[in-house]
Amino acid sequence: MRGQAALLEAGLLVVATVLTFVVAQHLFKVQYVQSDYALKINAERILIHWADTGVAYAVAYGAAGSGDPQYAKAALETLLPPNVGYDLTVISLTRGVIYTITRGYDPARSDGATLILMRGEGRIISLRLSR
Amino acid sequence: MRGQVLIGVAALIFVITLLLLIALPKRTIGPTAAIENYTTAKREVEHILRNTAEEAAYATANTLEAVLKNTQNLPDTLKNLYAQHFNVLFTDKAGAYAVLRGVFCKLDALDVKVSGDNGYFYISSIYAVATCDNGVMAFINSAADVKVELKNLGAFGGVKAAVNLTRDQKQIQLITYAAALYNVTRDNTEVKPYRFPIMGTFDPRESIWYFNITGLHYIQVAIPPEYCMMSNPTYYVAIAAASVGEGAATVVLAKPSGKLCGT
Numbered sequence: 001m002r003g004q005a006a007l008l009e010a011g012l013l014v015v016a017t018v019l020t021f022v023v024a025q026h027l028f029k030v031q032y033v034q035s036d037y038a039l040k041i042n043a044e045r046i047l048i049h050w051a052d053t054g055v056a057y058a059v060a061y062g063a064a065g066s067g068d069p070q071y072a073k074a075a076l077e078t079l080l081p082p083n084v085g086y087d088l089t090v091i092s093l094t095r096g097v098i099y100t101i102t103r104g105y106d107p108a109r110s111d112g113a114t115l116i117l118m119r120g121e122g123r124i125i126s127l128r129l130s131r
Numbered sequence: 132m133r134g135q136v137l138i139g140v141a142a143l144i145f146v147i148t149l150l151l152l153i154a155l156p157k158r159t160i161g162p163t164a165a166i167e168n169y170t171t172a173k174r175e176v177e178h179i180l181r182n183t184a185e186e187a188a189y190a191t192a193n194t195l196e197a198v199l200k201n202t203q204n205l206p207d208t209l210k211n212l213y214a215q216h217f218n219v220l221f222t223d224k225a226g227a228y229a230v231l232r233g234v235f236c237k238l239d240a241l242d243v244k245v246s247g248d249n250g251y252f253y254i255s256s257i258y259a260v261a262t263c264d265n266g267v268m269a270f271i272n273s274a275a276d277v278k279v280e281l282k283n284l285g286a287f288g289g290v291k292a293a294v295n296l297t298r299d300q301k302q303i304q305l306i307t308y309a310a311a312l313y314n315v316t317r318d319n320t321e322v323k324p325y326r327f328p329i330m331g332t333f334d335p336r337e338s339i340w341y342f343n344i345t346g347l348h349y350i351q352v353a354i355p356p357e358y359c360m361m362s363n364p365t366y367y368v369a370i371a372a373a374s375v376g377e378g379a380a381t382v383v384l385a386k387p388s389g390k391l392c393g394t
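So the protein lines, in turn, are chains A and B. In terms of the numbering used here, the first sequence opens at residue 1 and continues consecutively. In terms of the numbering used here, the second sequence opens at residue 132 and continues consecutively.
Bear in mind the hints are in silico, worked out from the structure with no lab data behind them. Note that the structure is predicted; figures quoted are calculated from it, not measured. Virtual Cβ for every residue (Gly too), placed ideally from N, Cα, C. It is possible that part of the hints are untrue.
[Claimed, not checked] Which stretches of chain A does chain B cover? Using the computed rule of at least three CB atoms under 8 Å from a CB of chain B, they are:
| # | stretch |
| --- | --- |
| 1 | 11–24 |
| 2 | 56–68 |
| 3 | 88–95 |
| 4 | 116–122 |
If we strip away everything but chain B, and leave its shape as in the complex, we get:
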């Protein structure tokens, strides 16, 4: 009787061990690269935020036709449009990331600031925080400083924007940019913004690459005669500039106040 109990106990231990070993996930036994796993997860979420910030700038510049119908309080409109694009793009990317990694991330905070001077304004700071259900928290904090100069180049009008992008006070050396002109005409009561591409396309894949070791980027665009000859300009010059994977970006909108070319 005693022997049977012993055999029974041994058999039970054997079966439980087998079941546990089969049921346990394979890679939980043995050491795991815990610190590296966490760092990778954090970097991935950080880069989702960075890419979102950059692509939102291009998306904003690409959809200005919609907001230029109403030119009241344009700096606020630009800020809201950027925030909307940021939210949409982040949700999209976080969704794809959740499918791949099984980790759900949400945008916890987004603060966008717009600054400007006489005749132009631009997105000057982006701060965003994301948290995920695996405990990862990531943020981006980037800024842009822009000075726009308008010049008479004779046959053409010239717009020269000195763009300085920073992330955590570190200057960005490699940027991509694109520029277009939006002419807002009025046909009786209907407002018709019209886009005239100047340089590149408002798409990170088709924009222009620009590396400068100093971090100061001069983006110079020429305004064609049919627009620069206007003595009472109805057009805006839009420039989108963004880093590559650093999370810094800006959209500049400039409106000349007079004739930019000719005598």
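Isolated chain A, as found in the complex:
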């Protein structure tokens, strides 16, 4: 009787430890996979480069104030290889989404970054990349 109880206890302990391990692994995995470091860093570097060179203003405002999707497409596609998908959205702080351009974008396998410009009423440039 005593031997069986000890066995049961040991068994429960093993189950609890394994369960803790499995759940922890699962949660860590979910959290880790949600962020694709390489894509996030690439998106941030593209936006920083755009901010430094003034391309961000052409993309977000253009000459007429409503952004320049053709210019944005050309600027992005010179930097990104064809196997990387993208979703570029320019949002005005007062008028909402101004335009979106995409190419082979898969939201489930994506990560990205945003850049805020406060010229005039302000713009958010959201660049998400996927592979």
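Please build the complex by placing chain B on the supplied structure of chain A, with the hints as guidance.
Frame of chain A, contents of chain B only:
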């Protein structure tokens, strides 16, 4: 008894791990783009300062009617008006930025200088520093060099301003500008400034774009006959010029001393 304690400890570890994993913010686990995050935050604040400097120039040129009622010590008045607009616009933009990013930024320093020559003066340097509660510090340091020439063009009067904007000693190639004429008349004791638009509007969205690879921009405006014929001019020519996202800007105020057209 020993077994129960062990099970209790295991259960406790299990529950604490679960609680921690649920409570922890999701993206703190795994690598983060720390350098890029910082650079993005710094650029955003820098650009807030730059946009503020540019828009403050247009706002100043747009509200000169208010200050031209008293023409005493106009260079100082221009400087103060610009600084006021800079403060207001920065607060506005920093407020919107705080809502979006949850980061509060404040203007730590603002130094505006006005220079001039015979018959005209302009904002010649802008230095501003902003600090934010996420540790980001950003600044702008820009300058303007302006030479104004007044010319008799026959039927019209001509004002030619050679504008050279720089940021950190780098010449600005793309600018936007607008110009207007402010006529200050006196009706008995009441001073009435009146604005006559010449080129573009004092609004960055409706101004004129001008690209020059050398960085030297000639802004030429024509003064209509009803003003240029005045032998004792009562008007000022105001020109606002600003870069696009570089943080360089100037407001030029010129007052002719005699007749600018005709024979």
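Chain B covers the stretch 56–68 of chain A, three or more CB atoms within 8 Å, holds or violated: Held - the stretch 56–68 of chain A has 4 residues with a Cβ nearer than 8 Å to chain B, which meets the minimum of three.
Coverage criterion applied to the stretch 88–95 of chain A (partner chain B; beta-carbon cut 8 Å; 3 residues): violated (count 1)
Residues of the stretch 116–122 of chain A with Cβ under 8 Å from chain B, three needed, outcome: holds (count 6)
Coverage of the stretch 11–24 of chain A by chain B (three or more Cβ within 8 Å): holds (count 8)
The structure shown violates just one earlier hint, number 3.
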